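J.: Next come the chains, spelled out residue by residue.
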Amino acid sequence: MLMYARIKIRDTVRVVPTRLNEDIESVIMDLLWEQFEGKLDREYGMIIGIEDIEDIGEGKIIEGDGAVYFDVTFTAIVFKPLMQEIVEGEVVEIVEFGAFVSIGPLDALLHMSQITDDYMTYDEKNKRLVGKETKKVLQEGDFVRARIVALSLKEREPDKSKIGLTMRQPWLGSLKWIEEELKALEEGLNG
Amino acid sequence: MKYDNLLDKYPIPKALKEEIKEELERLNVNKTTAKKIIEKCYEAYLKNLMEPGEAAGIIAAQSMGEPGTQMTMRTFHYAGVAEIDVTLGLPRLIEILDVRKNPSTPMMTIRLTEEYAKDREKAREIANKIEATYILDIADVATDIRNMRIIINLDEKAMQRKKLKVEDVKKKIEKGLKMEVVEEDGKLIIQISEPSFKALMDTFDKLKNIVLVGIKEIRRVIVRKEGDEYVLYTEGSSLKKIMKIKGIDFTRTTTNNVYEIYEVLGIEAARNAIIKEAISTLEEQGLEVDVRHIMLVADVMTVDGELKQIGRHGVAGGKHSILARAAFEMTVNNLLDAAIKGDVDLLRGITENIIVGQPIKLGTGDVELIAKLGGRR
Amino acid sequence: MIDIKRAFPFEYTRFEKARIIGARALQIAMGAPVLIETDKIDPLDIAKEEFEKGVIPITVKRRRESFVWLERHELF
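Protein chains in written order, with my numbering: chain A, 1 to 191; chain B, 1 to 377; chain C, 1 to 76.
No lab work stands behind these hints, which were simulated from the structure alone. All of these numbers come straight from a predicted model, not from anything done at the bench.
Under 7 Å between C-beta atoms, here's a sample of chain A residues computed to sit facing chain B:
1) Ile24
2) Glu58
3) Gly59
4) Ile61
5) Glu63
6) Val68
For every residue, glycine included, the Cβ atom is placed at its ideal position computed from N, Cα and C.
Kindly generate the complete structure, drawing on both the sequences and the hints.
T.: If you want it as structure tokens, here you go:
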């Protein structure tokens, strides 16, 4: 899968004087997690974790600040959704205009109109979506396979980033439906 | 001699070494004691060294600037016993630092070779040879308007003093005016062919400016006995011409015109001349400035082999930074020129960074601190 | 012949000393753990004492480890 990648980052970390007596590597590790986890970059995607520190430079002390600045090189794991990419994920929420699918650190929206070729109705009582003619059901906890068709990553506010999905293509949809379809196909071939 | 080996190891200036050696020899101590003394001297020497990061230029500027405020604005003074006018005080100092090509009172100190230096008559002879002599110095000149001629009444005594012959004078005038000169019972007569009063007066003016003997630039020569030799002091200066004259010891002859020294003797000589002139000007005013400050100034003026003034056309004007130049003189012009050319200021120097409000690379600002912490892999 | 380039004859220049003590005092003021036993309260005093004892974990990065020793001293 292309969605996750390991990248190398070099940046400066400011270590406050209060933490100077601790083991510097673990302090820097803490600060890196604090600084970089969940950070979104348009080009590289979202940093979901620091893997390893490769190099810690000399600790520089600049005028007017008691803190020590380190140039650190480290590897991090990033999550980067791509357009047209096929993703699988769990439905985490059903709302009246569609479903939210968790595809990793971010949730993507699967709109009502993009679920099946059929017309979907919202069943408020059971929190699920039902196909008007096919009676196909989509509810929380279902695993789906979908394609990313819209991508809008916001560097400043990662929470407001939007990812749009579609399942209106062959062999996309809830994994349950695909299984049923496969079974039907097999039966057709055998029969 | 026996202390030489001990001293050799230490990187101490030669002059200081000599001083220590002299003192050691006077005390006549043994080797171990000498070693200890030298070690102590070296320690003291190190303590007196300038530390890296010290603002040497600023200290030099202050050390010369503060006494400068106390200098008299009175410009003229008679230098020592010799009754020659010399610019002194602040105007002279400015003259030196501005590297004026024509200082207001050029002056030379000429020393003679052994043969001439001891003998008053011979020294006088050279003095006469170099002093510019004009017709008015040896004769009365009258204009005869009716007959359109100039009559030169030669003064025999003066002629004798200058060791001049009538024919020589005649030849010189003929060459200078490109006119015929007639000798008539001890008088020289110049006949103007053109019947014009203006032509007569022009010729008269020209005549007055003909140098009969000597060097044009040397207006006056004074012979003075200094120790056991005669020394010539001149008003006006021309090092190049003077150095060619027989009987002059050019190794000990000098001028107070720094630019002339630079042109004739080169940049190192110019550097020494700046130091000598500046320090003597300050000393004459009773101000004590350490030579090293002046040496720094002289070094800056001469580093690139070219004699540069301290100022817009020299050291200050040659700075790379636009802001530093603008801070010195002609702020608007400098900034405007830079803007038109699209110049870039890299903010490498001191002045620029002060203007911009950044820490400067000097003293504590030039120190780069590194935290030495454990836990490095 | 004397080697022209020599090592620094100073451990720290007075500028370096000032910077080290100053930076350390600021660190202490900002809450850095003090490395000596002392009754002093003023961060600057503590930093000075630490400097004298040589325990300050700060060094100087010099761009020129050696300085040029001029051979021609006649004019000095």
